[in-house]
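Protein sequence lines, in the order shown, are assigned to chains X and G. If you're matching positions, the first sequence starts at 1 in the working numbering and goes up one per residue. If you're matching positions, the second sequence starts at 1 in the working numbering and goes up one per residue.
Since the hints were derived computationally from the structure, they do not count as laboratory data. Only a predicted model underlies this, so the values are computations on that prediction, with no experimental measurement involved. No residue lacks a Cβ here, since even glycine has one placed at the ideal position from N, Cα and C. A hint or two may mislead.
To be verified - For each label pair, taking beta carbons as the anchor points, the in silico distance ranges come out as:
{"hint": "1", "chain 1": "X", "residue 1": "Gln5", "chain 2": "G", "residue 2": "Ser9", "range": "31 to 37 angstroms"}
{"hint": "2", "chain 1": "X", "residue 1": "Thr56", "chain 2": "G", "residue 2": "Leu110", "range": "47 to 53 angstroms"}
{"hint": "3", "chain 1": "X", "residue 1": "Gly44", "chain 2": "G", "residue 2": "Ser68", "range": "29 to 35 angstroms"}
{"hint": "4", "chain 1": "X", "residue 1": "Gly10", "chain 2": "G", "residue 2": "Ser95", "range": "34 to 40 angstroms"}
{"hint": "5", "chain 1": "X", "residue 1": "Ser67", "chain 2": "G", "residue 2": "Glu84", "range": "34 to 40 angstroms"}
{"hint": "6", "chain 1": "X", "residue 1": "Glu16", "chain 2": "G", "residue 2": "Gly78", "range": "31 to 37 angstroms"}
{"hint": "7", "chain 1": "G", "residue 1": "Leu110", "chain 2": "X", "residue 2": "Gly10", "range": "35 to 41 angstroms"}
{"hint": "8", "chain 1": "G", "residue 1": "Ala70", "chain 2": "X", "residue 2": "Lys13", "range": "42 to 48 angstroms"}
{"hint": "9", "chain 1": "G", "residue 1": "Lys106", "chain 2": "X", "residue 2": "Leu114", "range": "17 to 23 angstroms"}
{"hint": "10", "chain 1": "X", "residue 1": "Thr85", "chain 2": "G", "residue 2": "Thr19", "range": "37 to 43 angstroms"}
{"hint": "11", "chain 1": "G", "residue 1": "Ser9", "chain 2": "X", "residue 2": "Ser30", "range": "39 to 45 angstroms"}
{"hint": "12", "chain 1": "G", "residue 1": "Asp61", "chain 2": "X", "residue 2": "Thr59", "range": "36 to 42 angstroms"}
{"hint": "13", "chain 1": "X", "residue 1": "Thr85", "chain 2": "G", "residue 2": "Thr43", "range": "27 to 33 angstroms"}
{"hint": "14", "chain 1": "G", "residue 1": "Ala13", "chain 2": "X", "residue 2": "Ala63", "range": "39 to 45 angstroms"}
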Amino acid sequence: QLQLQESGPGLVKPAETLSLTCTVSGGSISNSPYYWAWIRQPPGKGLEWIGTVYHTGTTFYAASLKSRVTISVDTSKNQFSLKLTSMTAADTAVYYCGRHSQWESPRTWGQGALVTVSS
Amino acid sequence: QSVLTQPPSVSAAPGQTVTISCSGSSSNIGSNFVSWYRQLPGTVPKVLIYDDNKQPSGIPDRFSGSKSGASATLGITGLQTGDEADYYCGTWDSSLGAVIFGGGTKLTVL
Chain X
1 QLQLQESGPG LVKPAETLSL TCTVSGGSIS NSPYYWAWIR QPPGKGLEWI
51 GTVYHTGTTF YAASLKSRVT ISVDTSKNQF SLKLTSMTAA DTAVYYCGRH
101 SQWESPRTWG QGALVTVSS
Chain G
1 QSVLTQPPSV SAAPGQTVTI SCSGSSSNIG SNFVSWYRQL PGTVPKVLIY
51 DDNKQPSGIP DRFSGSKSGA SATLGITGLQ TGDEADYYCG TWDSSLGAVI
101 FGGGTKLTVL
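Between the sequences and the hints, there should be enough to build the whole structure, so can you do that?
Here's what the structure looks like:
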């Protein structure tokens with residue numbers, strides 16, 4: 001059964017860069033027809049897609065975050081990662097990784113990682 | 001402001017039927033698959049419907065999905081107090097090249 005698990009710091013200082021990793025088990029990122037996504041949810045608010053990466057390294061980013069986001073894939077480790085620069089309090093959220101097919105939203109989700117931005 | 005429009009809240013009594021709408025455009029709902037999620041407080045969104053109207057294994061057939069043009073609908077029959085949650089629709093937008101979600105609908109079972 002496919003499982004995704006986010007890992008990374010729970011606390012980030014303002015202006016710093018957030019780095020999160022999603023480890024995939026029970027399936028392979030390599031040569032997979034699926035896409036691998038990051039989604040976040042600020043406290044008390046709705047879901048916001050951050051971006052998606054394909055195993056070839058092709059990426060898609062939300063327009064509102066594009067200048068600050070980098071998503072990459074490491075097929076040798078079966079992981080994909082998120083980097084978000086210039087963090088502010090508005091970036092405080094639960095960050096989820098997920099998997100989706102082309103033309104749809106994620107069907108499989110990780111458990112989520114709470115990231116708080118505070119000095 | 002979300003690309004997909006959902007009502008902020010709906011309510012109904014136990015045992016009744018409720019529908020939640022999700023309105024989009026030809027570049028998203030009109031041409032791609034819609035998923036529906038239920039999110040209880042503090043938990044991961046759970047897929048109730050995928051590919052417009054398919055249920056993952058383990059999801060009761062009280063939950064159904066439909067789509068017409070650029071709008072999709074989630075139906076829930078035989079409402080239970082445990083159905084109180086936030087519900088989201090999601091899909092891919094071919095013009096934006098992005099996954100998009102509705103703003104969410106809070107279901108209250110009176």
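- request: Tell me, in ascending order, the numbers of any earlier hints that this structure violates.
  value: Of the numbered hints, just 6 does not hold.
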